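Trainee: Sequence:
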Amino acid sequence: RLYLVVPALLEFIDDLTNWYIRLSRRRFWRGGSGEDRDKHNAYRTLHHVLLTLSRVLAPFLPFVADEMYENLAVGQGKDSVHLEDYPEADASLHNPALERRMELARKAVSIGRSLRVAQDVRIRQPLASMTVAVAQPEDRAAIEAARELVLGELNIKRLEWAESEAALVSFAARPNLKVLGPAFGKRLGDIKREVAALTSEQCAQILQGTDRTSPEVEGLVYTTDNLLIDRQSREGLVVGTDGGVTVALDLHLTPELEREGLAREVINRVQNTRKDLDLALDDRIQVELSASGELALAVADHWEMIAGEVLAGHPCPPLDGPVEQAFELEVLGHPLRLAVHKAR
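With our numbering as the guide, the letters of the sequence shown map in order to residues 833 to 1176.
Misleading hints may appear alongside valid ones.
[What the hints assert, rightly or not] List of simulated lysine-lysine pairs, BS3-like, C-alpha gap at most 25 angstroms:
1. 1107 <-> 1174
2. 871 <-> 1174
3. 939 <-> 989
4. 1010 <-> 1024
5. 871 <-> 1107
[As the list claims (entries may be wrong)] DEER-style ranges, computed between Cβ atoms:
6. 1051 <-> 961: 43 to 51 angstroms
7. 917 <-> 960: 48 to 56 angstroms
8. 1076 <-> 1145: 45 to 53 angstroms
9. 1041 <-> 884: 40 to 48 angstroms
10. 838 <-> 1018: 48 to 56 angstroms
11. 858 <-> 1037: 41 to 49 angstroms
12. 1145 <-> 925: 36 to 44 angstroms
13. 945 <-> 869: 26 to 34 angstroms
14. 851 <-> 1020: 41 to 49 angstroms
Source of the hints: derived by calculation from the structure; they are not laboratory data. As the structure is a prediction and not an experimental result, all values here were calculated from the model. Glycine is no exception: its CB is placed at the ideal position from the N, C-alpha and C atoms.
Hey, can you work out the whole structure from these sequences and the hints?
Mentor: Put into structure tokens, the structure is as follows:
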């Protein structure tokens, strides 16, 4: 009955790698000694989780689990993970409020990412603002507590709030013919006219659970079960909704935002070059580059951000003349000449 276990394990591993570890990278990369408490705590937490995971995986992936355990339990464990007791849940670590906060934050991030993909807006391109509406008032405080996390994940400057989804979209309804046809076949013409006449506000009320009785068709009450309600984004916004959370993105780009987007593309090219040169992600490096026009302005305006992200020294020297292992690259149509060396 492995099929009962594997989905939960895969979901946990995805949460661990694509959420916790990715969001903790800056904590892991911090300079200084082991006296950095936050960095030390991040490593200790990850070590505890991975060591426990090796015990959880032992019955299902015996060889992989044993390899993990031998690497993680050096000097403090038994000879094999299969000699350990199976871990038991610790109810004292259960924090429903924190779990709800993370669930909502991840939902807002997921909606925002989907909107970016649908509009072909790169995640490295910063946006000015996002607006959020929630169906449950208490969910606002939960997302607000994770504000910086949500903004960072979506690369957006400001988070604003709308009182309701209706402030971000307009609604229009269509009859669900599969439901209404068998019961009111002879009156479908009347029903279509009534439904087409419903205002956006009336549709919003139906979505919120306020049923609406048909004024003409006896025995018919309009609900979300027999209506299909479409959403149309307000002008200037792209909007998505999921499970009581609605997110609207402002896609207008100023020259400043466009330059920052170019700078983030430069970060990507530097990190790719680091990988091509077999340099470790935590190696401190020296970067030399040559650019012109808007790309040069973007690098000049945002060099501190670039250097901080790629662990480069200050300032960025210009790349003049022939340099060994210089790469000729392109950043959104702008030529970039780049050299990366491990810092001495």
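Trainee: When you take the CB atoms of residue 1076 and residue 1145, is the distance between them in 45 to 53 angstroms?
Mentor: Check passed, 48 angstroms falls within 45 to 53 angstroms.
Trainee: Has the hinted range 41 to 49 angstroms been met by the Cβ atoms of residue 858 and residue 1037?
Mentor: 45 angstroms, holds
Trainee: Note whether the CB distance of residue 838 and residue 1018 lies within 48 to 56 angstroms or breaks it.
Mentor: 52 angstroms, holds
Trainee: Quick one: are residue 1145 and residue 925 within 36 to 44 angstroms, going by C-beta?
Mentor: For residue 925 against residue 1145, whose Cβ atoms are near 42 angstroms apart, the range 36 to 44 angstroms holds.
Trainee: Is it true that the C-beta distance of residue 1051 to residue 961 lies inside 43 to 51 angstroms, as the hint says?
Mentor: Roughly 47 angstroms apart at Cβ, these two residues keep to the hinted range, so it holds.
Trainee: A range of 41 to 49 angstroms was offered for this pair. Does it hold for the Cβ distance of residue 851 and residue 1020?
Mentor: With a Cβ separation near 48 angstroms, residue 851 and residue 1020 satisfy 41 to 49 angstroms, so the hint holds.
Trainee: Mind checking the hinted window 48 to 56 angstroms against the Cβ distance between residue 917 and residue 960?
Mentor: Once the Cβ atoms are compared, 53 angstroms apart, the range 48 to 56 angstroms for residue 960 and residue 917 holds.
Trainee: Straight-line Cα separation of residue 871 and residue 1174 no greater than 25 angstroms?
Mentor: At roughly 23 angstroms apart (the allowed maximum being 25 angstroms), residue 1174 and residue 871 satisfy the hint.
Trainee: Using the beta carbons of residue 945 and residue 869, state whether their distance is inside 26 to 34 angstroms or not.
Mentor: This hint holds: roughly 32 angstroms between Cβ atoms.
Trainee: Just to be careful, I want the Cα atoms of residue 1107 and residue 1174 compared with a cutoff of 25 angstroms; is the pair within it?
Mentor: 12 angstroms, holds
Trainee: For the pair supplied as a hint, residue 939 and residue 989, is the alpha-carbon distance within the 25 angstroms limit?
Mentor: At roughly 18 angstroms apart (the allowed maximum being 25 angstroms), residue 989 and residue 939 satisfy the hint.
Trainee: Could you grab the alpha-carbon distance between residue 871 and residue 1107 and see if it respects the 25 angstroms cut-off?
Mentor: This hinted pair holds, its Cα atoms lying about 24 angstroms apart.
The structure shown violates none of the earlier numbered hints.
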